[in-house]
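Visitor: The primary structure of each chain is shown beneath.
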Amino acid sequence: MHKPFLVLLLFISTFSQAQICESTFAGIILDQHDDSALSQALISIVELNRSTYTDEEGRFSFDNLCLGTYTLYVTHAQCNARSFDIKVKENTFKTLKLEHHYEELNEVLLSGSSEGLMSAGKDVLDAGAVERSSHESLGALVSGITGVSGFSFGNTVIKPSIHGLHSSRVTIMNNGVRMEDQEWGAEHAPNVDINLAQSIEIIKNASALQYSGDAIGGFVILKPQRIPVKDTLYGKVRLSAQDNGRGGSAHFGLIKSTTKGWYGSVEGTVKKYGDFKAPNYNLSNTGMNSYTLASKLGFNEFKRGFELSYNSIENNIGILRASHLGGAQDQFVAINSSEPLIIKDFTYNIDRPKQEVSHQILSAKAFVKSELLGRIDLRYDFQKNDRLEYDIRRGSDQNKASLDLDLQTHAVSLDLAPKLVGFNSLKTGVSGRYLKNESNPNTGVKRLIPDYKRYDLGFYAMATKSLSNDLELDAALRLDYMRIESFKYYYSALWTQRGYDITFPEFEIEDLGTQILTAPKFNYLNPSAAIGTSWSLNEQNRLLINLSLGARNPNPSELFSEGLHHSASRIEIGDLRFEPEIAKNLSLGYTYKNTRISFSLNPFVRLIDRFILIEPTGIQQTIRGNFQVWSYRQTDVSLSGLDMDTRVAFNDKLGFEQQFSLVKGYEFETKTPLINMPPVNMINALNYTYKQIEMRIESDYTWRQNEFPNTNFEAFIPETQSTELIDVSTPPEAYHLMNLTFRGPLNFSDSFNISWALDIQNMWDTSYRNYLNGMRFYADDLGRNVHLSITSTF
Amino acid sequence: MNNSNNLNTTNSKFLIFTAMKNYVLYSFILLTGLLFTACSDDDTPPAPVDEEEVITTLIVTLTSNAGQTIILNSQDLDGDGPNDPTISVSAPLSVATNYTGVIELLNETENPAEPIHEEVAAESNAHQFFFTQSANLGLTTQYLDFDGNGNHLGLSFSLSTTSAGQGTMTFTLRHEPLKPNDGTLSGAGGETDISVTFPITIE
Chain A
1169 MHKPFLVLLL FISTFSQAQI CESTFAGIIL DQHDDSALSQ ALISIVELNR STYTDEEGRF
1229 SFDNLCLGTY TLYVTHAQCN ARSFDIKVKE NTFKTLKLEH HYEELNEVLL SGSSEGLMSA
1289 GKDVLDAGAV ERSSHESLGA LVSGITGVSG FSFGNTVIKP SIHGLHSSRV TIMNNGVRME
1349 DQEWGAEHAP NVDINLAQSI EIIKNASALQ YSGDAIGGFV ILKPQRIPVK DTLYGKVRLS
1409 AQDNGRGGSA HFGLIKSTTK GWYGSVEGTV KKYGDFKAPN YNLSNTGMNS YTLASKLGFN
1469 EFKRGFELSY NSIENNIGIL RASHLGGAQD QFVAINSSEP LIIKDFTYNI DRPKQEVSHQ
1529 ILSAKAFVKS ELLGRIDLRY DFQKNDRLEY DIRRGSDQNK ASLDLDLQTH AVSLDLAPKL
1589 VGFNSLKTGV SGRYLKNESN PNTGVKRLIP DYKRYDLGFY AMATKSLSND LELDAALRLD
1649 YMRIESFKYY YSALWTQRGY DITFPEFEIE DLGTQILTAP KFNYLNPSAA IGTSWSLNEQ
1709 NRLLINLSLG ARNPNPSELF SEGLHHSASR IEIGDLRFEP EIAKNLSLGY TYKNTRISFS
1769 LNPFVRLIDR FILIEPTGIQ QTIRGNFQVW SYRQTDVSLS GLDMDTRVAF NDKLGFEQQF
1829 SLVKGYEFET KTPLINMPPV NMINALNYTY KQIEMRIESD YTWRQNEFPN TNFEAFIPET
1889 QSTELIDVST PPEAYHLMNL TFRGPLNFSD SFNISWALDI QNMWDTSYRN YLNGMRFYAD
1949 DLGRNVHLSI TSTF
Chain B
192 MNNSNNLNTT NSKFLIFTAM KNYVLYSFIL LTGLLFTACS DDDTPPAPVD EEEVITTLIV
252 TLTSNAGQTI ILNSQDLDGD GPNDPTISVS APLSVATNYT GVIELLNETE NPAEPIHEEV
312 AAESNAHQFF FTQSANLGLT TQYLDFDGNG NHLGLSFSLS TTSAGQGTMT FTLRHEPLKP
372 NDGTLSGAGG ETDISVTFPI TIE
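From first to last, the protein sequence lines are chains A and B. With my numbering applied, the first sequence corresponds to residues 1169 to 1962, in that order. With my numbering applied, the second sequence corresponds to residues 192 to 394, in that order.
So here's chain B without its partners, still in its complex pose (with noise of 0.2 Å):
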């Protein structure tokens, strides 16, 4: 007769404990084992990351006819980091004056810095530029550069200046913009690559 299944058998208890027990050992071992061997893992930290599409610096280049020349420039170093961007004009623009204006963008994180207007011109179909200022500024822009598609783009342009007065003048970049659009920010979309507000003085 076949004794193995006989439930009252206490040798077939003892060994089921001793099994039991075997098993409550091994999963200890199994667990503090892994944990040392995940104690045991290098503890070198990673490399920074290259923050390679990040703009730090905006420059403006105002040229006029009679060759002074206005820099408007905003600088942010930590990116979106908490530090504000530190934004500066040169001088005040004159009245009734005509400037060719140029616009350099930076990433200053890398070194040498990164000329990110060259990457825009490369993509000049997927970027644009947008001039808004307020309504008692009185000047005009005007697009002196286009895309290859034969639309503006706003890497240079010119400016002219009506009357004396105090405002604010925006320099927007749009990615991916409506292409051609009416010429507002509304019209076109996009996502903002770049928003900065100067304050301008023409006397």
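Bound-form chain A, shown alone (with noise of 0.2 Å):
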């Protein structure tokens, strides 16, 4: 828009005075987010009507100056324009900075700003990636990324699982966040909606140690739209709809700033679907729907700036009516029968067993930026976690929640990024939390997780340093304490059984006869470290390696379980006695590049002291018949696995991309599998263009899991008054599904653009099961899915 302004500066003749001027006055020009040298500014002495560009390494020189006092006007295409006072001695050298902003919305994340260390790699799914997929869950989503797959229960409960683990071993980062809302649960997906990310980052080990030191399965990093210093509103509409679940999704997106700085954004998102389909039946009670509301309000400035944000999600999920059981024999049933035992016809209706979960994220940060001490960024945020469970009840309990928990957060952190010379980045910060937990008694059930608060203290540095032009050396520290009181009824045969009474008298409050009060209390104190090499052997070839050590605390559930787990039909009994889990972990990544082909080879080792584990120890009699009773456990596992990508243009219309990711996970002295390891899978795709149209055509191959632990248990069933065998640990058969894709844009004008995508999953409706989704005892998976999406920028 400026740049015939700039083209007609440049050509304004200068004329110099008639005076003794032999001064130099040169200097270079840099980003101030990663002092990568910006070419292709343009300099003008303003009193003089002189200018320049700066060449390849953000140089300039202006020669022939007075002596005295000029202001210099910097704008660059991608920057801010800004002036700065310089006094012109003899030979004057001066480093410019100015900050990077963007002048595109589907910008490419400028690599370099990584959120862990470099060394510990990571995955990216940039805007495009995520707006195509804006209908879906952020699990779904991030399952297309190779060794990360979905850990679901049912189509719409879907959790990011990294290289196998998952839930509290996964720290979700959203917004500079960090999700606490009740991630310790299996069939707790994660509250986001990744319409909010402009991109999403996956760090597969426990190195992004500013944000937390026990996430020893890796990051789910959701970064915020950045928004442009300058004045312009700008929008987003994005409408899908899809014939499996008969639903859609709409989101809407305003964001409006000016040149001093002030921005400000609404957006929001809903979905609705109703029962989804898999090839042969309807699954009864899966619908969904979704609400999302985000606003802020902020003031970003070169040297300073602050955001209030809010924003709100309320998740409304069916879960298939036919997985609601009420014992072993009714899992006898369940698991033998080919089809779900109950299946009506389609609705939109959300019926009981269902879950109602809202949550709220209140943020307010600050930053400020001086030469002196780098970047400071203060933040305080409060997230509040309201989920209510519904099971199938009876009586005047009838519509009653069976779970009522609230949890709610308040955060505050402080973080320094100084700038010292020898090191290419360096950053530290404390941060302090507060959680309180709050199990409503009105249930009519005991609680399955107790009342508890949590204070968390974590103190961290980390740095980079380059060693040479080809070798970056990088480490951090972290230091957390964490304190957690509660309040827990325990049955009392329980407390005995287990020796609580003897190892934990402290914790008795009051015997209340089949029930006694108890209030343990727990303090953990854990270090974790991370160091690795980034080495660029030439152009093509880069080398990473990573070490790492994370601790993570044991979570609610694995300390206080002691009952019905009524979705996984099961008792689980959790032990007070455990320690912090730690983990061990060398990641490798190799990456080859040239312009036609693209490849990385990334293996990992990961050795996990005190993993802890549930598996099955008994059967356990009630007038309810027969339950499997499930103990948590802890013992030394080791991981390992690879992760492979592959890329290949053969020309500019055509390509071809290989995805392949194994995993193996043992018991480190019996050599026993661990539960619920993803199974290899492979997806290979071609990619053409034609006339701006993509098309996508892809085959996702998925083997059966062979290694598993057998958790079969035999159990009374009355029909037959013999006792029988219960298998729920052989896992499903291998799958192939293929997927086509078209999408293409609609041109209308320049300052509104229209794009289209049209998805076919599973093209070819095979019925399957997936290992790693908690509904295949039940029913088939998903089956073909044609989903349509329209988006419009504007």
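Read the hints as simulated data drawn from the structure, not as lab findings. A portion of the hints provided could be inaccurate.
If you anchor each label on the Cβ, the simulated ranges turn out as follows [said to hold, decoys possible]:
| # | chain 1 | residue 1 | chain 2 | residue 2 | range |
| --- | --- | --- | --- | --- | --- |
| 1 | B | 313 | A | 1681 | 22 to 32 Å |
| 2 | B | 313 | A | 1459 | 33 to 43 Å |
| 3 | A | 1931 | B | 266 | 51 to 61 Å |
| 4 | B | 257 | A | 1563 | 29 to 39 Å |
| 5 | A | 1838 | B | 341 | 51 to 61 Å |
| 6 | A | 1665 | B | 254 | 31 to 41 Å |
| 7 | B | 313 | A | 1424 | 57 to 67 Å |
No more than 20 Å apart at the CA atoms, straight line, and that leaves these computed lysine to any residue pairs for SDA-like [unchecked claim]:
| # | chain 1 | residue 1 | chain 2 | residue 2 |
| --- | --- | --- | --- | --- |
| 8 | A | 1512 | B | 372 |
| 9 | A | 1689 | A | 1662 |
| 10 | A | 1512 | B | 316 |
| 11 | A | 1689 | B | 239 |
| 12 | A | 1604 | B | 239 |
| 13 | A | 1604 | B | 235 |
| 14 | B | 370 | A | 1509 |
| 15 | A | 1512 | B | 366 |
| 16 | A | 1391 | A | 1550 |
| 17 | B | 370 | A | 1563 |
| 18 | A | 1522 | B | 367 |
| 19 | B | 370 | A | 1513 |
| 20 | A | 1522 | B | 366 |
| 21 | A | 1689 | B | 235 |
| 22 | A | 1595 | A | 1643 |
| 23 | A | 1621 | B | 236 |
For every residue, glycine included, the Cβ atom is placed at its ideal position computed from N, Cα and C.
Make the complex out of the two chains shown on their own, each in a separate frame, by following the hints.
Guide: Spelled out as structure tokens, the structure:
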């Protein structure tokens, strides 16, 4: 837009003044964010009408200047223009910094602005990828990344599982906020709307220590949209519809910003789906609806800024009706039936069993930058998670929730990114958090998770240093203190059976007959660390090596469980004696890249001491019949595997992609395979572009998981008055899915862009069951889905 | 000339440094303040949960035509807790005898005990008892009561013994079964609310 003006400026002739003016003023223009050189920046000396451009290395110079003070005006295509006052003495050299902003809404992320350590490696889903999957959940979206799978409970509750680790072993960062949303539960989906993210980064080890030291599985980082510092009003509307679930989603966003640095935005998403279907039947009561509203107001200047933001998400999720069971004999019938026992006609209604979850985040943050101390960030975040789970109940309790948890989190953090000579980057910070969980007693059901308070205090420091042009070294350290104080009613029999009356007599408060009131309190202090190197062998080859140490404290479920877990139809027992899990990880990354081929190979080995797993330990008689008892246990385990990505561009139109991932997990001593390890998966895809229309055909093959622990058990079946084997461990067969995508633009005008996408998932309507889906015992996974979306930006 | 943007001014450096120092200070005050307010929360334990739906006790009273009463009792006061139910049968059944049976369900975690069978009777359309026994046990059962739609309920039933022997008999209460059904547990589906197996002797 202002290019002609700049060119004009360049051609304005300059006049040297008739006096002794022989000083030189030279300098370099750098990006404020990462100190990268800015080439093609236009520098003008206002008083003299002289201008020049920076070269490839960001350098410029003016000669024959008189001594004195001048105003320098610097502009760059992707930066905010800025003026500087300079004093020219004899031969002056200055380093000037500009704040990079983004001309395009869908810009590619700057490399180098990595969230974790460079050596840790990361996978990025860019704005395009996020936008294309706007209707999907976070879990479904990131499961497209090599080495990441969806650990799910039905088709709307999907958690990201990184190399087989999920729930409290994966930290989810949403717009700088660490999500605290009862993430320990296998059937608790993350409460985030991917539409609010500009891009999503996955780190497959514990190295992003500025966020937490306990992410021994890895990190999922949702990064917010960057708003340009200029006078603009833009927006986005995205509509989608699909046949499976007979529903759709709508997302809108409106962003206003000014050159002075003020900005504000409002975004919202609505999703509504009815029952989904498997190839041969309706999946009764699997509909969902979801509402998101997010807004922010902020001010962003070159050196300081602040932001207030609020976002709220509400999810109403139906749980497959046929999965609600009353014990071993029901499980026997359900598992041995080829179809779900309850199949009704399609409906949009969501009946019990269902989940109603709302999550709200209120954040206030501010930053200042200085030449001396670098960037300083201060933030406060409040989160409120309300979780209601409804079961099928009797009598006056019919419409009451069986689980009613309210978790509130307050967090403050302070981060410093000072600039020190000799270091490429340096970051340190402290954070404190207070969590309060309340379990409503009016449910009429024994609390699954007790009331507790948790206090966290963390400190970290991380640094990156170049040893040479090709070799970079990075390291990080963190220390975490955690205190948990709870009130818990135990079954008296269990309290003594597990020997707690001897180990923890100080926790006992009051004996109520069959129950005992206790107040368990624990303190944990954990160090974590990471060190690594990234080595560019030459233009094409790069090698990453990363070693990390992480520690995760037992979560409330692992500590306190002692009762029926309805959705799993089993009794689960935790252990108060658990110690933190300690994970030691080695990740290697090799990438090869030329203009046609890119290839990466990422093997890893992870040893986890005192890994907490849950396994069957017996059968319990109750008046409702037999239930299988699963107890948590700590044991040393090893995980290893590799991810491989290959991309080949045959020409401008045709390309090929392959993703391959393999993970193996065993108990260290007994070599028993770990449960729920992702089966080997391979995706092959062909991409073809024809006149702006991109086509992609994808083959997704998942092998059968042949390594699994035997958790089968025998139970008395009244119908036959005999004891039968109940097979809850044999994984489902291998499956192959074909997916087809078309997408392209519709160009109406320059200021109004429309793009469309047509997706056909599971093209051949293949019946299959997924080992990592908790519903696999009762029903097939989703059948064919035809999905159409239209996105407009303006 | 405006000097405020001069990069070299030590004055501005000093100002920034002071600002930083204040930031650091304030944030620490904020942080510790927050933790202290958090700590000062009251520490009263939450109320115990009234477990409303629990069925602790099943009592089957069999009365023979001759007026003899046999009681089958299963009691599990800690519900899903680790203690097994205690099961008792007051006397052996007599051969070639007709009994009428009545089922009572209690929640004895409440005081007085809550009669759950009344709730089951009130929601008769969503419930049904099933009677199953080992093949070698010579007895037959028949429903004596019906739900709102005229389908079997099973809170009262008749039992006839045919031959002497020993075996087991199970009383199963299903919630939201298929109704009407073929009389088998697998045909009825639904969720098991109660499943109690008694050792039975007929002599």
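Visitor: Are the hints correct? Go through all of them and say.
Guide: Comparing the hints with the structure gives:
Range check, residue 313 of chain B to residue 1681 of chain A: Cβ separation about 29 Å, and the 22 to 32 Å hint holds. Against the hinted window of 33 to 43 Å, the Cβ-Cβ separation of residue 313 of chain B and residue 1459 of chain A comes to about 37 Å, which satisfies the hint. A C-beta distance of roughly 57 Å is found between residue 1931 of chain A and residue 266 of chain B, which places it inside the suggested range of 51 to 61 Å. Restraint check, residue 257 of chain B to residue 1563 of chain A: a C-beta distance of roughly 37 Å satisfies the suggested window 29 to 39 Å.
Evaluation of the 51 to 61 Å hint for residue 1838 of chain A and residue 341 of chain B yields a pass: the beta carbon distance comes to about 58 Å. As the Cβ distance of residue 1665 of chain A to residue 254 of chain B is approximately 39 Å, the hint placing it in 31 to 41 Å holds. Separation of residue 313 of chain B from residue 1424 of chain A is about 59 Å and conforms to the stated range, judged on CB atoms against 57 to 67 Å. Distance check on the hinted pair: residue 1512 of chain A and residue 372 of chain B sit about 17 Å apart at the alpha-carbon level, within 20 Å; holds.
As the CA atoms of residue 1689 of chain A and residue 1662 of chain A are separated by approximately 19 Å, the hinted pair is consistent with the 20 Å bound. Distance hint between residue 1512 of chain A and residue 316 of chain B is fulfilled; the C-alpha atoms sit about 18 Å from each other, no more than 20 Å. Restraint check for residue 1689 of chain A and residue 239 of chain B: the C-alpha separation of about 19 Å stays at or below 20 Å, so the hint holds. For the given pair, residue 1604 of chain A sits about 18 Å from residue 239 of chain B by alpha-carbon distance, which is consistent with the 20 Å threshold.
Of the supplied pair hints, the one linking residue 1604 of chain A and residue 235 of chain B holds, its CA atoms being roughly 14 Å apart against a limit of 20 Å. Distance hint between residue 370 of chain B and residue 1509 of chain A is fulfilled; the C-alpha atoms sit about 14 Å from each other, no more than 20 Å. Between residue 1512 of chain A and residue 366 of chain B the CA atoms are separated by roughly 17 Å; this keeps the pair inside 20 Å, and the hint holds. Using a Cα cut-off of 20 Å, the hinted pair residue 1391 of chain A and residue 1550 of chain A holds, with the two alpha carbons roughly 18 Å apart.
Distance restraint check for residue 370 of chain B and residue 1563 of chain A: the Cα-Cα separation of roughly 19 Å lies within the 20 Å cut-off, and the hinted pair is therefore satisfied. Distance check on the hinted pair: residue 1522 of chain A and residue 367 of chain B sit about 17 Å apart at the alpha-carbon level, within 20 Å; holds. Restraint check: the Cα-Cα separation between residue 370 of chain B and residue 1513 of chain A comes to about 17 Å, which is no more than 20 Å; the hinted pair holds. Taken as a hint, the residue 1522 of chain A and residue 366 of chain B pair is honoured in the structure, with Cα atoms around 18 Å apart against an allowance of 20 Å.
With a C-alpha separation of about 15 Å, the suggested pair residue 1689 of chain A and residue 235 of chain B falls inside the 20 Å cut-off, and the hint holds. Taking the CA atoms of residue 1595 of chain A and residue 1643 of chain A, the gap is near 11 Å; set against the 20 Å cutoff, the hint holds. Taking the CA atoms of residue 1621 of chain A and residue 236 of chain B, the gap is about 12 Å. The hint holds against a cut of 20 Å.
Checked against the numbered hints listed earlier, the structure breaks none of them; every hint is satisfied.
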